[in-house]
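*Asks:* One-letter residues, chain by chain:
Protein chains: 2
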Amino acid sequence: MKHFSSIETEFLSARDVATIVRRQGIAESLRGMADYIHADYLRWQDFDKNARVASHSEIGVIELMPIADARTYAFKYVNGHPSNNRLGLPTVMAFGALANVDTGVPLLLSELTLTTAIRTAAMSAVAARALARPDSVCMALIGNGAQSEFQALAFHHLLGIREIRLFDSDRQATAKLIANLQHTGVRLVRCASIAEAVRGADIVTTVTADKTNATIITPDMIEPGMHINGVGGDCPGKTELHPDVLRGASVFVEYEPQTRIEGDLQQMGADFAVTEMWQVLQGQSPGRAAREQVTVFDSVGFALEDYSALRFMRDCARRFGIGQKLALIPDLADPKDLFGLIRPLAHAAVRDPVAAAAASSAEEMALA
Amino acid sequence: MKHFSSIETEFLSARDVATIVRRQGIAESLRGMADYIHADYLRWQDFDKNARVASHSEIGVIELMPIADARTYAFKYVNGHPSNNRLGLPTVMAFGALANVDTGVPLLLSELTLTTAIRTAAMSAVAARALARPDSVCMALIGNGAQSEFQALAFHHLLGIREIRLFDSDRQATAKLIANLQHTGVRLVRCASIAEAVRGADIVTTVTADKTNATIITPDMIEPGMHINGVGGDCPGKTELHPDVLRGASVFVEYEPQTRIEGDLQQMGADFAVTEMWQVLQGQSPGRAAREQVTVFDSVGFALEDYSALRFMRDCARRFGIGQKLALIPDLADPKDLFGLIRPLAHAAVRDPVAAAAASSAEEMALA
Numbered sequence: 001m002k003h004f005s006s007i008e009t010e011f012l013s014a015r016d017v018a019t020i021v022r023r024q025g026i027a028e029s030l031r032g033m034a035d036y037i038h039a040d041y042l043r044w045q046d047f048d049k050n051a052r053v054a055s056h057s058e059i060g061v062i063e064l065m066p067i068a069d070a071r072t073y074a075f076k077y078v079n080g081h082p083s084n085n086r087l088g089l090p091t092v093m094a095f096g097a098l099a100n101v102d103t104g105v106p107l108l109l110s111e112l113t114l115t116t117a118i119r120t121a122a123m124s125a126v127a128a129r130a131l132a133r134p135d136s137v138c139m140a141l142i143g144n145g146a147q148s149e150f151q152a153l154a155f156h157h158l159l160g161i162r163e164i165r166l167f168d169s170d171r172q173a174t175a176k177l178i179a180n181l182q183h184t185g186v187r188l189v190r191c192a193s194i195a196e197a198v199r200g201a202d203i204v205t206t207v208t209a210d211k212t213n214a215t216i217i218t219p220d221m222i223e224p225g226m227h228i229n230g231v232g233g234d235c236p237g238k239t240e241l242h243p244d245v246l247r248g249a250s251v252f253v254e255y256e257p258q259t260r261i262e263g264d265l266q267q268m269g270a271d272f273a274v275t276e277m278w279q280v281l282q283g284q285s286p287g288r289a290a291r292e293q294v295t296v297f298d299s300v301g302f303a304l305e306d307y308s309a310l311r312f313m314r315d316c317a318r319r320f321g322i323g324q325k326l327a328l329i330p331d332l333a334d335p336k337d338l339f340g341l342i343r344p345l346a347h348a349a350v351r352d353p354v355a356a357a358a359a360s361s362a363e364e365m366a367l368a
Numbered sequence: 001m002k003h004f005s006s007i008e009t010e011f012l013s014a015r016d017v018a019t020i021v022r023r024q025g026i027a028e029s030l031r032g033m034a035d036y037i038h039a040d041y042l043r044w045q046d047f048d049k050n051a052r053v054a055s056h057s058e059i060g061v062i063e064l065m066p067i068a069d070a071r072t073y074a075f076k077y078v079n080g081h082p083s084n085n086r087l088g089l090p091t092v093m094a095f096g097a098l099a100n101v102d103t104g105v106p107l108l109l110s111e112l113t114l115t116t117a118i119r120t121a122a123m124s125a126v127a128a129r130a131l132a133r134p135d136s137v138c139m140a141l142i143g144n145g146a147q148s149e150f151q152a153l154a155f156h157h158l159l160g161i162r163e164i165r166l167f168d169s170d171r172q173a174t175a176k177l178i179a180n181l182q183h184t185g186v187r188l189v190r191c192a193s194i195a196e197a198v199r200g201a202d203i204v205t206t207v208t209a210d211k212t213n214a215t216i217i218t219p220d221m222i223e224p225g226m227h228i229n230g231v232g233g234d235c236p237g238k239t240e241l242h243p244d245v246l247r248g249a250s251v252f253v254e255y256e257p258q259t260r261i262e263g264d265l266q267q268m269g270a271d272f273a274v275t276e277m278w279q280v281l282q283g284q285s286p287g288r289a290a291r292e293q294v295t296v297f298d299s300v301g302f303a304l305e306d307y308s309a310l311r312f313m314r315d316c317a318r319r320f321g322i323g324q325k326l327a328l329i330p331d332l333a334d335p336k337d338l339f340g341l342i343r344p345l346a347h348a349a350v351r352d353p354v355a356a357a358a359a360s361s362a363e364e365m366a367l368a
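Residue numbers (the working numbering), protein chains in the order written: chain A, 1 to 368; chain B, 1 to 368.
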């Protein structure tokens, strides 16, 4: 095996991605990620799209999210296990890959746990730039868990949100968020109830983790002109918005076939009208049409955003010279000679096998 | 980042798997793999099954193959690009993972290029043990590319095949096979045509790579009692057997919904009857019922076999002490504090964030 060689795949560990984000700063990371996502939504038609493939158990879900354009294939592995926190594990963990469509060679394997939090928040900001009132300054943030700081900073840096009103049934989660964001220039207001947090907010972000049909937001809380950024209703049996909130609003989604299964939209009939975000971003549909209109972005997370996220982190890693090489695929001297990798040494000693075996057609090679 | 820690995932590189196979020998590797596959087929009902998710381009396909039982989730990434050989790349490359269903934690990431060749050959042998005549001694092997030696040795070691009749339109491929297997005790016969190779064979294995509707095997070649192990017809538009070969035989498949799309079966109407291999292996259906019967195993490769393969290689790696650790998932001190991974150092200096922020409800934390 002296000469074993591999087709090298770039590898970004969780630590590598954390290093990238710390070096360029979270604001630049969110901004760059939003730019990549926005750019890819502008060429929505270039992608071969599928609803993700989910494997459900009683306490969680594991999903694969593939997508491809003519040049690059991407997929993400991601789980959702709300009970993981009790075991000291993250609720959501992820990794994924980019591959060359023309050859199938995997080009990049990367962590996507940290990356997914950044891409989800960046996507929320991309949607809100088209859907929220441009003069929005105050956001309610319901659910102060692992993704909450990313949402808070995306809306601060990309939309100019200056005040965030916080609620979580776990007071420690809110305290953690406040500690993490206390020097960021955002005014943080801790509230005693969801209703108190939502009252007077321009934007309402829900990012709760329970795998239940919850009603975090009810119609009585809704005020004219609000934008609801619904992030935590993202799995069959896991919703956050009362159906009447959807009925009273214009609802925007990433990829309709997937959101009908997974989003808060799962509560509505098949004829309930929604608009896909690419139509808004490409200027084919209006986003917010009136100041008093209530808008909902029923976010579930779509594979296109992971394609963008992998592309973005790969480009950042190259700029900073971060990352390793992974020997995932064998490099064969003769691509038809996979067996050569494991040929016993005695046999491998045969120097010129082709010449040795170039006998005439149908001649018996009695090699017993 | 001094204290950055990760949830470690076992990693097996292409080189690691080659080392495992060389250490225990290819015969034992094929036998062990067949045992794992057979054992998992005996509990077919325990698995949550899906047809794989394919992304087709003009010159190839990239697929994801997920499967899970109550404890373990597995998936494989695999491509199929017949034109890769012209670029010096393998036609088929693969990698995959095992994960814990209860938490979503990825337990193992492994190369699957070499592993897939072993698992495909082992599955062919598992099927043939139930479908071929027990006194089979001679096999035709049509297609002498990357997978051919594995098929040859699986049938030699697991079924007692002593003579293999070879044909490939690429004479160099056949020469390579003969060189690789010349000391294995198998009698190798090079033939001038497919018909010549097939004549008198007990088993016919087809493992060609062209992504076309080929007719490698035609009805005139079929003799009573033959078993056809059709491996290379495994993708929409990629078949090897003339439809009348299927009409004149009893056809066995891995997972019917997938084989109807991908197998030689794609040429037949939806009412063409087939039997799933688990029914045979569990004794619910007869395999071969009569000596003169012609049987076809329309192999496409099913995710269950990759689940078995990953499990087998993980167990071998542990026995030999082979493998590495991959830092794919961050290990968080507080699972709700993902942001802690990237908190700027100045903020991280706050020692006891919870106490610092434990202010009263609805009290403004004016932190601007």
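Bear in mind the hints are in silico, worked out from the structure with no lab data behind them. Careful, some of the hints might be misleading.
Identical chains share a label here; the pair holds if one copy fits it or two copies do between them.
[Unchecked claim] Simulated crosslink set (DMTMM-like; lysine to aspartate or glutamate; CA at most 20 Å straight-line):
| id | residue 1 | residue 2 |
| --- | --- | --- |
| 1 | Lys325 | Glu276 |
| 2 | Lys325 | Asp337 |
| 3 | Lys325 | Glu292 |
| 4 | Lys49 | Glu196 |
| 5 | Lys325 | Glu10 |
| 6 | Lys325 | Glu58 |
| 7 | Lys325 | Glu256 |
| 8 | Lys325 | Asp170 |
| 9 | Lys325 | Glu28 |
| 10 | Lys49 | Asp334 |
| 11 | Lys325 | Glu8 |
| 12 | Lys325 | Asp244 |
| 13 | Lys325 | Asp35 |
| 14 | Lys325 | Asp271 |
| 15 | Lys49 | Glu292 |
| 16 | Lys49 | Asp102 |
| 17 | Lys325 | Asp135 |
| 18 | Lys49 | Asp210 |
*Asks:* Now tell me, hint by hint, if it's right for this structure.
*Replies:* Evaluation of the provided hints:
1. Lys325 <-> Glu276: This pair counts as neither: shortest intra-copy Cα distance 38 Å, inter-copy 41 Å.
2. Lys325 <-> Asp337: neither (24 Å within a copy, 29 Å between copies)
3. Lys325 <-> Glu292: neither (53 Å within a copy, 55 Å between copies)
4. Lys49 <-> Glu196: neither (40 Å within a copy, 46 Å between copies)
5. Lys325 <-> Glu10: both (5 Å within a copy, 16 Å between copies)
6. Lys325 <-> Glu58: Close neither inside one copy (37 Å) nor across copies (29 Å); limit 20 Å.
7. Lys325 <-> Glu256: Neither. Shortest intra-copy (37 Å) and inter-copy (39 Å) distances fail the 20 Å Cα cut-off.
8. Lys325 <-> Asp170: neither (41 Å within a copy, 35 Å between copies)
9. Lys325 <-> Glu28: neither (26 Å within a copy, 31 Å between copies)
10. Lys49 <-> Asp334: For Lys49 and Asp334, neither the intra-copy (35 Å) nor the inter-copy (36 Å) Cα distance is at most 20 Å.
11. Lys325 <-> Glu8: The answer is both: 6 Å in one copy and 17 Å across copies each meet 20 Å.
12. Lys325 <-> Asp244: Close neither inside one copy (51 Å) nor across copies (49 Å); limit 20 Å.
13. Lys325 <-> Asp35: Neither way: Lys325 and Asp35 sit 27 Å apart in one copy and 34 Å across, limit 20 Å.
14. Lys325 <-> Asp271: neither (49 Å within a copy, 49 Å between copies)
15. Lys49 <-> Glu292: Neither: 34 Å inside a copy, 48 Å across copies.
16. Lys49 <-> Asp102: Within one copy only: 18 Å inside a chain, 29 Å across chains, cut-off 20 Å.
17. Lys325 <-> Asp135: neither (46 Å within a copy, 49 Å between copies)
18. Lys49 <-> Asp210: Neither: 28 Å inside a chain and 26 Å across chains, both beyond 20 Å.
When the structure is compared with the earlier hints, violations turn up for hints 1, 2, 3, 4, 6, 7, 8, 9, 10, 12, 13, 14, 15, 17 and 18 and for no others.
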